[in-house]
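With mature numbering (1 follows the signal peptide of the UniProt record, and there is no 0) applied, the sequence shown corresponds to residues -40 to -1, 1 to 265, in that order.
Be a bit skeptical, because a hint or two may be false.
As a list, the in silico DSS-like pairs of lysine-lysine whose alpha-carbon atoms are at most 27 angstroms apart [stated by the list, open to error]:
#1 K174 - K146
#2 K174 - K188
#3 K219 - K174
#4 K40 - K85
#5 K246 - K146
#6 K188 - K219
#7 K258 - K246
#8 K238 - K258
#9 K241 - K188
#10 K85 - K32
#11 K215 - K146
#12 K215 - K188
#13 K65 - K40
#14 K170 - K146
#15 K219 - K146
#16 K115 - K93
#17 K115 - K174
#18 K32 - K65
#19 K173 - K146
#20 K188 - K238
#21 K146 - K85
#22 K146 - K188
#23 K223 - K173
#24 K246 - K223
#25 K93 - K65
#26 K219 - K238
Derived CB-CB ranges, DEER-like [said to hold, decoys possible]:
#27 A137 - R35: 52 to 62 angstroms
#28 D63 - K241: 22 to 32 angstroms
#29 T75 - E106: 13 to 23 angstroms
Since the hints were made in silico from the structure, they are not lab data. We put the CB at the ideal spot given by N, CA and C, even for glycine.
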Amino acid sequence: MGRCLREVLLGSHRLRRMKTLPTLALAGCLCWLSAPALQAQQLRLPAMSPTVRLHEDFSTSFIELTYARPSKRGREVFGKLVPHGEVWRTGANSSTRIRFGEDVKFGGQHVPAGTYALFTIPDPKEWTFILNKDTSQWGAYDYRPEQDLLRVTAKPRTSNTALESFSLGLENLQPEAAELTLRWDKVRVSVPIVADPDARIMAQIQEAMKGDKKPYFAAAQYYYSTNKDLNQAISWLDEAIRQQPSYYGYYWKGKMLQKAERKTEAAEAARQSLALVKSEKNARTKDEYTRLNEQLLKEVGGKRK
């Protein structure tokens, strides 16, 4: 091949001397030259259905979504491009995958932590959402119902505005609840996802309180937000303040005392917070905690001294 290359590069006067070289051999030389050139000119084109990888903090862990986003491109979607009554990959390319970092309830049914393929069966009146254990499928061509973990149904809604690209994500996100929402064209359909991490968190608190660095403040806030033993929460907060007095510590103590209907003590905690926040150098933080404590004093009927 090296000899052939040299023959081509010598120019036309050298080629005239190659009249005795078989035409096929010369063609072989030129083909050898063109192959690397073609390899070097590979094109990077926009994806027709871009891949989306979504990682969302949820409860004490996360939810992950991996799917490809097809677009309408002037086509009629549901009932045509995506037939009614048939299992759909819920996106494009590989089947859509959803991963739960902890046990959840999906549409009211229990789902162990893990990764699942997400299929749907579209219908004008009622959609079916399917979690399937086989996550290695391309599309829904090899879909096997015996691999289903569960099926749940949901009512679709119609929007006045058509969405060009398919969308799947978490909406109405709360600490322990969310909605898996599918949108495309004028269709919107959601399935509730609910976690119940209380038992795990309580076990974590119990174990952490045995250690040297006890999470007094975090544990107290969890008790406050979940309506658990307020006396225990206030006791933990007192210990956190004893170790490191802070305006936010006293503010939260005031909120907990207010919830326990100990208004006089709540007002005193707010005044202590106001006294400490005076030395805060961040103006926005200083203004915010000043406002919060003044609001707390107003709610418990206390006065700023």
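Each hint tested on the structure:
1. At roughly 52 angstroms between alpha-carbon atoms, K174 and K146 are farther apart than 27 angstroms, so this suggested pair is violated.
2. Note on K174 and K188: the hinted pairing holds, with a Cα-Cα distance of about 18 angstroms set against a maximum of 27 angstroms.
3. Taken as a hint, the K219 and K174 pair is honoured in the structure, with Cα atoms around 24 angstroms apart against an allowance of 27 angstroms.
4. For the proposed pair K40 and K85, the alpha carbon gap of about 16 angstroms is at most 27 angstroms, so the pair holds.
5. This hinted pair does not check out: K246 and K146 have alpha carbons roughly 47 angstroms apart, beyond 27 angstroms.
6. Straight-line distance between C-alpha atoms of K188 and K219 comes to about 11 angstroms, which keeps the hinted pair within the 27 angstroms bound.
7. Taking the CA atoms of K258 and K246, the gap is near 18 angstroms; set against the 27 angstroms cutoff, the hint holds.
8. About 19 angstroms separates the Cα atoms of K238 and K258, which keeps this hinted pair within 27 angstroms; it holds.
9. Taken as a hint, the K241 and K188 pair is broken in the structure, with Cα atoms around 35 angstroms apart against an allowance of 27 angstroms.
10. The straight-line distance between the Cα atoms of K85 and K32 is roughly 21 angstroms, inside the 27 angstroms bound, and the hint therefore holds.
11. About 45 angstroms separates the Cα atoms of K215 and K146, which puts this hinted pair outside 27 angstroms; it is violated.
12. Note on K215 and K188: the hinted pairing holds, with a Cα-Cα distance of about 14 angstroms set against a maximum of 27 angstroms.
13. The suggested pairing of K65 with K40 is violated, with an alpha-carbon distance near 32 angstroms, which exceeds 27 angstroms.
14. Taking the CA atoms of K170 and K146, the gap is near 55 angstroms; set against the 27 angstroms cutoff, the hint is violated.
15. Restraint check for K219 and K146: not satisfied, since their Cα atoms lie roughly 45 angstroms apart, outside the 27 angstroms limit.
16. Between the alpha carbons of K115 and K93 the distance comes to roughly 24 angstroms, so the proposed pair stays at or under 27 angstroms and holds.
17. This hinted pair does not check out: K115 and K174 have alpha carbons roughly 47 angstroms apart, beyond 27 angstroms.
18. Among the hinted pairs, K32 with K65 is inconsistent with the structure: their alpha-carbon atoms are about 32 angstroms apart, more than 27 angstroms.
19. As the CA atoms of K173 and K146 are separated by approximately 53 angstroms, the hinted pair breaks the 27 angstroms bound.
20. Distance restraint check for K188 and K238: the Cα-Cα separation of roughly 32 angstroms exceeds the 27 angstroms cut-off, and the hinted pair is therefore not satisfied.
21. With a C-alpha separation of about 14 angstroms, the suggested pairing of K146 with K85 holds against the 27 angstroms cut-off.
22. Between K146 and K188 the CA atoms are separated by roughly 44 angstroms; this puts the pair beyond 27 angstroms, and the hint is violated.
23. Of the supplied pair hints, the one linking K223 and K173 is violated, its CA atoms being roughly 31 angstroms apart against a limit of 27 angstroms.
24. A threshold of 27 angstroms between alpha carbons decides the hint, and for K246 with K223 the separation of about 24 angstroms falls inside it, so the pair holds.
25. Of the pairs offered as hints, the one joining K93 and K65 holds, with about 16 angstroms between alpha carbons and a cut-off of 27 angstroms not exceeded.
26. A hinted pair counts as satisfied when its Cα atoms are at most 27 angstroms apart, and K219 with K238 qualifies at roughly 26 angstroms.
27. Here the CB-CB span from A137 to R35 is close to 35 angstroms, at odds with the stated 52 to 62 angstroms.
28. Distance hint check for D63 and K241: the Cβ-Cβ separation is about 44 angstroms, which falls outside the suggested range of 22 to 32 angstroms.
29. Checked against the hint of 13 to 23 angstroms, the pair T75 and E106 passes, with Cβ atoms roughly 18 angstroms apart.
Violated hints, in rising order: 1, 5, 9, 11, 13, 14, 15, 17, 18, 19, 20, 22, 23, 27 and 28; the structure is consistent with all others.
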